[in-house]
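Enquirer: With chain A held as given, fit chain B onto it using these hints.
From first to last, the protein sequence lines are chains A and B.
Its first residue numbered 1, the first sequence is counted upward by one per residue in the numbering used here.
Its first residue numbered 115, the second sequence is counted upward by one per residue in the numbering used here.
There's no promise every hint is true.
Below are the PhoX-like pairs computed for lysine-lysine, each with C-alpha atoms no more than 25 Å apart in a straight line [what the hints assert, rightly or not]:
(1) Lys57(A) - Lys140(B)
(2) Lys140(B) - Lys184(B)
(3) Lys184(B) - Lys170(B)
(4) Lys57(A) - Lys42(A)
(5) Lys83(A) - Lys57(A)
(6) Lys184(B) - Lys42(A)
(7) Lys170(B) - Lys183(B)
(8) Lys42(A) - Lys140(B)
(9) Lys78(A) - Lys42(A)
Just so you know, these hints were derived from the structure itself, not from any lab.
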Amino acid sequence: EPEVTQTPSHQVTQMGQEVILRCVPISNHLYFYWYRQILGQKVEFLVSFYNNEISEKSEIFDDQFSVERPDGSNFTLKIRSTKLEDSAMYFCASTVRGPTYEQYFGPGTRLTVT
Amino acid sequence: SQQGEEDPQALSIQEGENATMNCSYKTSINNLQWYRQNSGRGLVHLILIRSNEREKHSGRLRVTLDTSKKSSSLLITASRAADTASYFCVLVMDTGRRALTFGSGTRLQVQP
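Isolated chain A, as found in the complex (with noise of 0.2 Å):
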């Protein structure tokens, strides 16, 4: 069964660095997310993404963060200057047919900013 993927499964990095994660979405999937989740906290909404331009964002969503389409099959998030409230795991997710159908979530990438 197709599957998201995400990499790396945990990345360790220093505040003020840039950090990028990646994702694979599943091959026939238009739309794609990003969340994160704090530990212990609630799954927060980032970034959505369609037709190769951000269709909805969040408040988090700011300046600092990028997300980009660079081929067909990769979908990354870039964190430009990372802080240590960056720490979190972030979730990539898909769907085929449009933001109210199923999403399908990835394993995750544990980010912390030491």
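Expert: Then chain B, alone, in the frame of chain A:
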């Protein structure tokens, strides 16, 4: 609030028993979805019920939706230790933001 409120916050049952989780909300929805998360790992979609549906089944799962009361319930029958997880009801709005909005969830513990 645009998120569902799950009740109870925590539930502990014995293997073989049924587990019922409830969700209440306040806004107009396009659909309501239930997701499961095992110990901070990835989220797994369980079932989606649209605003014009009242009940759906998937294996051991049964979901009901009452839009007049703005509530939903998830029933897991004949629970197993592997059902131990957090369960979230997630709303997709009729208008405005279409991204999933998660609540705090119900933490289910199934004792073997």
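Enquirer: Each of the hints needs a verdict: does it hold here or not?
Expert: Results for each hint:
A distance of roughly 22 Å separates the Cα atoms of lysine 57(A) and lysine 140(B); the hinted pair therefore holds under the 25 Å criterion. For a cut-off of 25 Å, the pair hint linking lysine 140(B) to lysine 184(B) stands: about 6 Å separates their Cα positions. Under the criterion of a C-alpha separation no larger than 25 Å, the hint pairing lysine 184(B) with lysine 170(B) is consistent with the structure, at around 16 Å. Restraint check for lysine 57(A) and lysine 42(A): satisfied, since their Cα atoms lie roughly 17 Å apart, inside the 25 Å limit.
With a C-alpha separation of about 19 Å, the suggested pair lysine 83(A) and lysine 57(A) falls inside the 25 Å cut-off, and the hint holds. Annotation: proposed proximity of lysine 184(B) to lysine 42(A) holds, straight-line Cα distance about 22 Å (limit 25 Å). Distance hint between lysine 170(B) and lysine 183(B) is fulfilled; the C-alpha atoms sit about 17 Å from each other, no more than 25 Å. Annotation: proposed proximity of lysine 42(A) to lysine 140(B) holds, straight-line Cα distance about 19 Å (limit 25 Å).
Between lysine 78(A) and lysine 42(A), the direct Cα distance comes to roughly 21 Å. Compliance with the 25 Å bound is thereby established for this hinted pair.
Every hint, counting from the list given before, is met by this structure.
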